[in-house]
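Order-wise, the sequence lines are chains R and S. The first sequence: position 217 = 313 (the working numbering), numbered continuously. The second sequence: position 149 = 183 (the working numbering), numbered continuously.
Don't read these hints as lab results, they were simulated from the structure. Some clues are possibly wrong.
As the list claims (entries may be wrong) - Examples of chain R residues lying across from chain S (beta carbon under 7 Å, computed):
#, residue
1, Trp208
2, Ala328
3, Ile478
4, Val480
5, Ser481
6, Val482
Said to hold, decoys possible - A short list of chain S residues far from chain R (calculated; beta carbon distances all over 12 Å):
#, residue
7, Val107
8, Tyr119
9, Leu155
Here a beta-carbon is modelled for each residue, glycine too, at the ideal position from N, C-alpha and C.
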Amino acid sequence: MNGAIGNALVLGGLAFAAFGAVVGLVTGMRRTEAGFPWVMRAVWGFCACMVGANAMMVYALVTHDFSVKYVAQVGSRATPLVYTVVSLWSALEGSILFWGFIMAVYVGAFAWLHRREHARYMSLALGTMLAVGVFFAFLIAGPANPWGAMSPVPADGPGPNALLQNHVLMIIHPPMLYSGYVGMTVPFGVAVAGLLRGEIGEAWMAPLRRWTMVAWLFLSVGIILGSWWAYAVLGWGGYWAWDPVENASFLPWLTATAFMHSTMVQERKRMLKLWTLSLALASFVLTILGTFMTRSGIFNSVHSFTQSDIGPTFLVFIAVLLVVCIGLLAARGHLLIPEGRLTSLASREASILVNNLVFVAITFTVLLGTLYPLVSEAVRGIRVSVGEPYFNKMAVPGGIAVLFLMGVGPVLPWGTPDKATLRQQFIIPTMVGLVVTGACFAVGLRGVYPLLTFGLAGFVTVITLRELALPVTVRMRERKEGIGTALVTAASKARRRFGGYVVHLGIVVIIVAVAASSSYVEHTSGTLRLGQTMNLGGYQMKYLGLSSGEEPHRTFVAARVEVTAPNGSVTELRPRMNYYERSTDPIGTPAVRESVKEDFYMSLMAFSEQAGTASFNVWVFPLVGWIWYSIPLLLVGTLISLWPQRRSAAVAARPAPAVGAGPPVAGDAERGAA
Amino acid sequence: MTSALLSLTLALGLATGQFAPQQAASDPLAPPLEARVQTLGKHLRCAVCQGLSVADSPSSMARAQLDKVRELVAEGKSDAEVMDYFVARYGEWVLLEPRAEGFNWFVWLGPIALVAGGLVLILKQLKREPAVAAATEPSPEVPVTPAPAPATEDVDPYLAAVRRELER
């Protein structure tokens, strides 16, 4: 019964999406507004069906309706309620269904927020998004159908993948990442609509940018949480392995980041129009490619659940997307003529161009490295691997270039700079950078890359803080405002600028944490007898014995280890092995003693009750926690940038005498703030 | 019922030691040699894992492979010889970093070519400009130097640039 209703809802969603896509695209192209109300109705229908189908599946999971194929596949009466709900996205079919849900929310939100905008444009944009909806509804209805009937109905199921039940982050990480992936559908729809109409209304650049920013935020948080999960669960002492699936999530993040920077050049200098739109399209295509790589099983990974038959459908869709995107860019490119010019290499626009080049180069490298094993096998018939050593070698210089540009870019003015002023602006940050490098060297840190990174981080931090503080101090001096008022007004008068720099600070924190934790990691492994001790990086561990216990869905064996930190504090860590009912191999959970300065990380490798021994793998990672502590900075910064600015306020801000010194930038005030 | 059964089997398993999933690895070598073992381990792919290196993977296969590396290094084999040993057994696939030879040059030179091409494009944009810019520059931007001084006594051009950026 549940299965039949669910199936009907998915088919309904498919019908609504197909109807809306056809009506939207056809009427939009015919330059009539008549179809718009019907497109909106199709959107509401699509949303209702997708939300309903997901609710139905959750209901089937919670009530343990094992007549539904997906429930029989991932459900289990022994699984706690939370993980039962979460198992909605713990296997292929459910995750695609969940994908449909997020898509419905995005398309619905976009349609609602922009319902009063230009009807023809909206028809095209929503039509494009619903066309993507057709693809996903088709996947759910056909190749990845979760509703199949089971006969005979099993009494119980195996429960979700044990790895996914192992940590609470599994509840947050996938929805975040999906929201990032699916979110790129909205900017894609807007960009395609613009290209189809043949005029990129300047007014549409703001929604394009803002919706990309929403997706970017989810993607960033999802990626960081994913790395945190890998760190906390997989127990091999790392957070990023350049796994094809990690790469797949990184690719659209890179192009979306490049996009958000190039929109600034487009707005200010009327350059890079075609390029900016290409980046928006590329971000979306890369999310679909990423989903394909993740879900089709062409790569072995934690994430490819099973060999599935969705591969061909995805390949066809990717081919169609590529043809559509390249065709649109080729057909409409002549309408997007740059009006501005690059006048100096030491200008903001030049620095953003180089930024884009670096991001695209990293994207290309990661894509090439990820796909090269497939290429090599197809062309030469030889299996090769491209893994961590390659990616590190290629990406580290890229990361350092990004860091450098984050410092230089904000100082450089638009247009043509005045050399003397510029030189003066760089004196203090450069000194700080040198001092930081010198100090790191003095305390005994070595290595070219990490020292360069720390120096540059100091350089960028000074510049970013100065850019953040300058408007505040000016307001305090000239308007005699208190520091609180000045900070709030300065932030709200130029939200994108302020928020952007806060995000920059977050990125600096991440880069420093990555550099420190990978360059100065200490590692050892060994087998301890009861009462025996072992040392690493000033920590002493003493093996106290085994303990075991039971939780609703698993039993575990933990090694009790007394850890004495360098500062003398003593804690007991319990790295453990979990045994799930239906899974033969145990899954380890490392134990971590976190601190602001460094993490002490231990995983249990083997144990023997009789011999009274246990083997451990132990690491000390300096600063590693800062990778996840950066999330609030990214969140706050992006939200400041995204916070809607009332139109009246934006207009009023322009003629304010104390702030406005130069000529007003024609027409940009409202758009820039929108 | 099932969980009771499970804990029973678990207890049995513990008693016989069968749940200890791996054997402990061989003892580390002297520091300089062990550092080489770890670096080599980072470059070799664990045969049964999902893209993890022999040094990173906790699986027993990877530990056995790392032990083999340790053994070879202790015998005084060079890095290249150790690599060759593994390539001979597992194929090129075992190397996590493709060798820079033949078709593999593609994966090494591709990104460099892209960066070079991109830089050329950017520089070309710049060179083509001066003659046109003087006549048709539609950009609303004004160079920094002649920026009109704000009403206050402040004439710092940098500050002026920041102001202009903020006034939007």
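Quiz prompt | Structure versus earlier hints, numbers of those that do not hold, lowest first | solution = 1, 2, 9
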